[in-house]
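Given only the sequences and the hints, what does the whole structure look like? Please build it.
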Amino acid sequence: SAVISQKPSRDICQRGTSLTIQCQVDSQVTMMFWYRQQPGQSLTLIATANQGSEATYESGFVIDKFPISRPNLTFSTLTVSNMSPEDSSIYLCSVVDSNYGYTFGSGTRLTVV
Amino acid sequence: DAKTTQPTSMDCAEGRAANLPCNHSTISGNEYVYWYRQIHSQGPQYIIHGLKNNETNEMASLIITEDRKSSTLILPHATLRDTAVYYCIVRVAESGGSNYKLTFGKGTLLTVNP
Numbered sequence: 001s002a003v004i005s006q007k008p009s010r011d012i013c014q015r016g017t018s019l020t021i022q023c024q025v026d027s028q029v030t031m032m033f034w035y036r037q038q039p040g041q042s043l044t045l046i047a048t049a050n051q052g053s054e055a056t057y058e059s060g061f062v063i064d065k066f067p068i069s070r071p072n073l074t075f076s077t078l079t080v081s082n083m084s085p086e087d088s089s090i091y092l093c094s095v096v097d098s099n100y101g102y103t104f105g106s107g108t109r110l111t112v113v
Numbered sequence: 114d115a116k117t118t119q120p121t122s123m124d125c126a127e128g129r130a131a132n133l134p135c136n137h138s139t140i141s142g143n144e145y146v147y148w149y150r151q152i153h154s155q156g157p158q159y160i161i162h163g164l165k166n167n168e169t170n171e172m173a174s175l176i177i178t179e180d181r182k183s184s185t186l187i188l189p190h191a192t193l194r195d196t197a198v199y200y201c202i203v204r205v206a207e208s209g210g211s212n213y214k215l216t217f218g219k220g221t222l223l224t225v226n227p
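Each protein sequence line maps, in turn, to chains A and B.
Counting from 1, position 81 in the first sequence corresponds to residue 81 in the numbering used here; the numbering is continuous, with no gaps.
Each position in the second sequence, counted from 1, maps to that position plus 113 in the numbering used here.
It is worth saying that the hints were derived from the structure and are not from the lab.
Be aware that a few hints might be false.
Pairs of lysine-lysine, DSBU-like flavour, derived with a Cα cap of 30 Å [claimed, not checked]: (1) K165(B) to K214(B); (2) K165(B) to K7(A); (3) K182(B) to K219(B); (4) K65(A) to K219(B); (5) K182(B) to K65(A); (6) K219(B) to K116(B); (7) K65(A) to K116(B); (8) K7(A) to K182(B); (9) K182(B) to K116(B); (10) K165(B) to K219(B); (11) K165(B) to K182(B).
These numbers were taken from a predicted model, which means no experiment stands behind them.
Shown next as structure tokens:
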């Protein structure tokens, strides 16, 4: 299966600041996704990162708050903008792997203080 | 994607088989059943998937009922490291657009006890 490197693994940030999370895949993939997992909750899809075009956001998520870049088929970033304590979550990237369905990164644990 | 229903939690003794049920009574003919698990503080890990036939791999077995309205994930010899949240997800088989999305429910917390 594809191998995903996600950085940073964790961070503590001040409210009002922004954090950019990187997702690097060891092979070219068409579909990349960003998920959020709030404390004690299941995973919620934020958006689909499309290479060469704007990301597709799910209901309740907007580009101004979660801008996403996808410059090529192996890399994507998610920025959490103007953070508040409610943004404290684990953020995960995922790719479609033809052999195993979906592969997930290990996640970025974000705490906003 | 169709909704799934799973028990909130289950316990299993180490070395015994863990049988995790999932109801997906509104599943469509073109939807696969996927199982993932999430060990604490890690990303979800793929376990197995199937359409209508039973499937087995090195991790687990998947038993799908003939009417496809429910399935059971079987971990044949559970170990302490199998303690995790197990997610049953259904997804359409065809590729393209929103078909690629995985929608996670709350899953089942399996606790393997020594």
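Violated hints - listed by number, lowest first: As far as the earlier hints go, 2, 5 and 8 are violated by this structure, in ascending order.
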